[in-house]
Every structure is written in C-alpha cells, then in structure tokens.
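**Q** What follows is the residue order along each chain.
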Amino acid sequence: MATLHLLSHSPFSDGRFNSCLPLLGDTDALLLAGDATYALTAGTKPATELEQLPEQVALFALEDDVQARALGMLPPRVQLLDYAGFVELTCRYERINSWL
Amino acid sequence: MARSMLIISRQAPWAGPSAREALDIVLAGGAFELPLGLLFLDDGVFQLTKAQQAASLEQKDLTANLQALPLFGIDSLFVARRSLAERNLDESSLALPVEILDDAGLSTLINRYDHVITI
Chain A
0 MATLHLLSHS
10 PFSDGRFNSC
20 LPLLGDTDAL
30 LLAGDATYAL
40 TAGTKPATEL
50 EQLPEQVALF
60 ALEDDVQARA
70 LGMLPPRVQL
80 LDYAGFVELT
90 CRYERINSWL
Chain B
0 MARSMLIISR
10 QAPWAGPSAR
20 EALDIVLAGG
30 AFELPLGLLF
40 LDDGVFQLTK
50 AQQAASLEQK
60 DLTANLQALP
70 LFGIDSLFVA
80 RRSLAERNLD
90 ESSLALPVEI
100 LDDAGLSTLI
110 NRYDHVITI
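So the sequence lines, in the order shown, correspond to chains A and B.
Under numbering that gives the first Met the number 0, read the first sequence as residues 0 to 99, first letter to last.
Under numbering that gives the first Met the number 0, read the second sequence as residues 0 to 118, first letter to last.
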C-alpha cells in the first residue's frame with residue numbers, strides 16, 4: 000500500500016514540499032534529498048511541519064546532502080541514509096513518487 | 000497483468016512543455032491499454048479551465064487534447080480539491096468531467112496504483 004515520496008527541491012523556493020505534505024498517508028514515508036534537506040533547518044516553518052506529521056509517517060534524509068549543507072540540529076525523527084540505504088529503502092515501499 | 004500508473008500533472012499549461020509531456024505519457028499509455036489515471040494537482044488544475052485562447056500565445060490548445068482522453072480509454076481523471084480552492088476554481092470552471100478529491104482521497108488514490116509519475 001505505502002508510497003515513498005521523494006523530494007529534492009528547497010521548500011523555501013518551490014511549492015513541491017507544501018503540496019506533498021498533505022498527501023502523505025499514514026503508512027507513507029518522505030525522503031529528502033538535495034535542496035529538500037533545507038526543510039530540516041531548525042526553527043523554520045518546514046521543519047515544524049515535518050515535526051507535526053503523523054507519527055507513523057517515516058522521515059528520511061540523505062546524509063551526504065545534509066552534511067554538505069551544515070544544517071545543524073536535526074529533528075529527532077529524521078533518519079539519515081547513505082546511498083546504499085537509499086536503494087534499500089526504495090525496495091521497501093510499493094511505489095516511489097518522485098516530485099520531479 | 001499490465002501494471003497501473005498514475006500520472007500527476009502539476010504545471011500550468013503555459014509553463015513550458017511539462018503539461019503536454021504529462022499528457023503524452025497518458026495518451027501513449029492509453030494506446031497500449033495500460034490502466035492509467037491522471038491527477039491534476041497545484042497549477043496543473045489551470046490546464047482544465049474553460050475558454051483558454053492558445054492562439055494568442057501562438058501555441059496549440061491543450062484542452063482539445065485533454066478532451067480526447069476518453070477516446071483513448073482514459074476516464075480516470077482526478078483533481079485536487081485544495082488546488083482548485085487555492086485558485087478560486089470550482090467544478091463549473093472546468094472543461095472536463097473529473098473526480099474532485101480531498102487530501103485523504105488523494106493519498107488513497109496514489110496508493111491504488113502500481114506506479115506514480117509526478118511531472
């Protein structure tokens with residue numbers, strides 16, 4: 000049933016983040032890559048919105064992209080992935096929705 | 000059995016080739032009788048407004064192509080209620096018969112298909 004949603008655009012300059020969040024079902028997951036990891040920036044509206052997602056919604060981010068951006072304190076619920084973990088994750092969900 | 004696919008089209012018709020490319024995927028898939036759905040989200044809902052005048056921008060009218068979808072066996076057309084409301088549009092503003100879904104309906108819809116493509 001569940002869908003992995005993949006975002007790679009910054010929530011501060013693009014509407015994908017805001018459009019994606021309301022569509023997340025209870026068993027769905029969100030993976031932040033590239034500039035989408037800026038959504039984890041502490042004290043920002045996107046970071047608050049991520050914290051407020053239903054508990055069952057899993058939140059992932061690509062570790063390399065997070066480290067490159069010096070994001071500091073991350074929301075506790077985010078799970079960081081390397082590329083092997085990324086591939087493994089895509090196999091765990093029935094479908095991937097890449098917000099191209 | 001053929002795998003089903005949902006195409007999510009979220010660009011306005013005049014924002015470049017995206018809207019037409021999404022439609023091309025749907026029409027191509029329909030020609031191969033794949034079970035397809037097309038969801039208009041965000042600015043994608045602007046593709047559906049009545050009385051657009053493509054000629055004034057020297058472009059082809061996307062609405063005519065959209066209206067051909069039932070001929071290709073594509074009658075699973077969906078629109079996000081939130082996207083319509085944000086743009087002060089309602090069902091009467093739309094050139095095609097579509098099913099209007101709220102957020103919960105959209106996540107159920109996405110989880111009904113084998114594949115999803117968002118353009």
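In short, the hints are calculated from the structure, not lab data.
By construction, the Cβ of each residue, glycine as well, lies at the ideal position given by its N, Cα and C atoms.
It cannot be assumed that every hint is accurate.
On the chain B side, residues computed to face chain A include the following (Cβ under 7 Å) [to be verified]: (1) V97; (2) E98; (3) I99; (4) D102; (5) L105; (6) S106; (7) N110; (8) H114; (9) T117; (10) I118.
**Q** Given B:N110 as an interface hint, is its Cβ closer than 7 Å to any Cβ of chain A?
**A** 5 Å, holds
**Q** Grab the minimum C-beta distance from B:E98 to chain A and call the hint holds if it beats 7 Å, violated otherwise.
**A** This interface hint is violated because 16 Å lies over the 7 Å limit.
**Q** Quick one, is the B:V97 hint okay against chain A at 7 Å, beta carbons?
**A** At 17 Å from the nearest chain A Cβ, B:V97 fails the 7 Å test, so the hint is violated.
**Q** Take the shortest C-beta to C-beta distance between B:D102 and chain A; is it under 7 Å?
**A** Holds, about 4 Å.
**Q** Please check whether B:T117 passes as an interface residue: C-beta within 7 Å of a C-beta belonging to chain A.
**A** Where the cut-off is 7 Å and the nearest Cβ of chain A is about 5 Å from B:T117, the hint holds.
**Q** Return the status of the interface hint for B:H114: holds when the least beta-carbon distance to chain A is below 7 Å, violated otherwise.
**A** 6 Å, holds
**Q** Per the CB criterion, is B:L105 less than 7 Å away from chain A?
**A** With Cβ-Cβ at 5 Å, under 7 Å, it holds.
**Q** Identify whether the interface hint at B:I118 stands, where standing means a beta carbon of chain A within less than 7 Å of its own.
**A** 6 Å, holds
**Q** The hint names B:I99 as touching chain A; please verify it with the least Cβ-Cβ distance against 7 Å.
**A** Violated, about 15 Å.
**Q** Hint validation: B:S106 versus chain A, beta carbon distance must be below 7 Å. Holds or violated?
**A** 4 Å, holds
Of the hints listed earlier, those the structure fails to meet are numbers 1, 2, 3, in rising order.
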